[in-house]
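Student: Sequence:
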Amino acid sequence: MTVNEQTALNNDTVWACVKLISETVSTLPLGLYERKRDGTREPATDHRLYDLLHNEPNSHMSAVSFWQAAVLSLLLWGNAYAEIERIGGRIVSLEFLDPARVSVRRDRTGALEYRYTDYDTTQRVIARDRMFHIRAFSLDGEIGVSAIQYGYNSIGSAMATDKASDETFKNASRASGIVSMDHAFTPGQRDDVRAHVKKVDAEGGVYVLEKGAGFTSLKFSPADAELLASRSFSVETICRWFRVPPVMIGHGDKQSSWPTSTEAQGALFLRYVLRSLISRIEQEIRRTLLTPAERTRYFAEFAIEGLLRGDSAARSAFYSTALQNGWMSRNEVRRLENLPPAEGGDILTVQSNMMPITMIGTAAPQATTVRDALKQWLEIGILEQT
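Residue numbers (the UniProt record's numbering): 1 to 386.
Because the hints were derived from the structure by calculation, they are not lab data. Certain hints may be false.
What the hints assert, rightly or not - Computed cross-link-like contacts, DMTMM-like style, restricted to lysine to aspartate or glutamate with a CA-CA straight-line distance of at most 20 Å: (1) Lys36 <-> Glu301; (2) Lys19 <-> Glu5; (3) Lys36 <-> Glu236; (4) Lys163 <-> Glu5; (5) Lys163 <-> Glu236; (6) Lys36 <-> Asp46; (7) Lys19 <-> Glu294.
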């Protein structure tokens with residue numbers, strides 16, 4: 001079988017794996033943030049790269065389309081390329097490059113040299129400082145390796161099995177049964193029997209055979225069953241190359257050990273499948289698109305909270321714990337739920353119903369300020385002076 005990055009997509013398992021990963025990563029919001037001196041951060045919406053990374057990398061692609069193509073290139077070719085366009089030293093666009101048209105080699109100084117063949121077959125050299133190059137799993141740290149090239153035996157076997165299945169089960173390749181008789185047929189009798197069997201197969205009914213003839217149906221053979229088992233095994237084998245649990249592409253059984261809760265599935269998928277790709281993209285943005293002075297202040301990061309989002313009961317318990325222990329405010333919770341901020345909702349609160357058993361039944365102190373409340377708690381012994 002001919003196996004390359006294009007033909008491999010004809011296999012449904014390869015298609016499902018790369019589609020799942022690329023669409024998931026590309027739909028995660030990618031933002032640029034600025035570190036503050038107090039350790040907090042805020043979106044760097046005024047920075048020149050924010051709009052390129054978050055909204056529109058170039059004039060003909062949205063951010064989702066661009067990052068989906070980039071991740072797809074990483075999965076199939078092992079490398080993703082984009083040409084950096086600058087005006088007056090300012091980055092104005094990231095032009096996606098077809099990885100099949102990029103060749104990488106070292107020049108006389110040992111530095112990497114990128115050659116790109118345009119669609120009009122014109123070849124040009126792209127300088128290193130104008131190339132945004134993201135590498136997948138790599139043997140030398142400079143050029144990523146292709147899962148398709150290294151896994152061509154597994155993928156080729158799956159494609160061959162699919163082809164054999166098509167040839168085995170198509171209508172013209174299997175006889176419906178065998179008609180046996182104790183003497184030889186004449187040519188006319190043989191044609192009559194064939195026409196009768198074909199008519200009953202198509203329209204239903206009862207076979208009517210004469211002169212001691214018998215009909216034996218050809219049932220599903222052990223070889224056919226083994227062929228179907230091979231197809232199932234091929235799905236699991238290809239999933240290993242992309243580290244995708246088979247159940248996430250619709251291949252599973254009752255013995256599957258993949259977690260059933262949405263929150264656990266998202267956490268494991270992020271941890272074992274997406275984290276490596278996301279980290280490579282974030283670090284390459286820092287290394288290539290930010291100046292040395294900017295790297296200490298700015299950083300790019302995917303918003304992964306959506307993958308870790310649990311059901312309503314789990315979220316309610318999480319938010320309740322955060323509010324009662326004072327490490328999230330109500331407006332922070334509302335932002336996570338896409339709700340507008342509430343007046344006075346930026347104050348951190350704690351649960352204050354913990355009191356000595358001897359105080360049960362006594363009236364709670366009344367205070368109009370936090371200072372007065374603390375003073376009263378000290379006086380009645382609920383708090384200790386520190």
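Student: Now tell me if each hint is right for this structure.
Tutor: Verification of the hints:
{"no.": "1", "hint": "Lys36 <-> Glu301", "result": "holds, 16 Å"}
{"no.": "2", "hint": "Lys19 <-> Glu5", "result": "holds, 14 Å"}
{"no.": "3", "hint": "Lys36 <-> Glu236", "result": "violated, 47 Å"}
{"no.": "4", "hint": "Lys163 <-> Glu5", "result": "holds, 18 Å"}
{"no.": "5", "hint": "Lys163 <-> Glu236", "result": "holds, 18 Å"}
{"no.": "6", "hint": "Lys36 <-> Asp46", "result": "holds, 15 Å"}
{"no.": "7", "hint": "Lys19 <-> Glu294", "result": "violated, 34 Å"}
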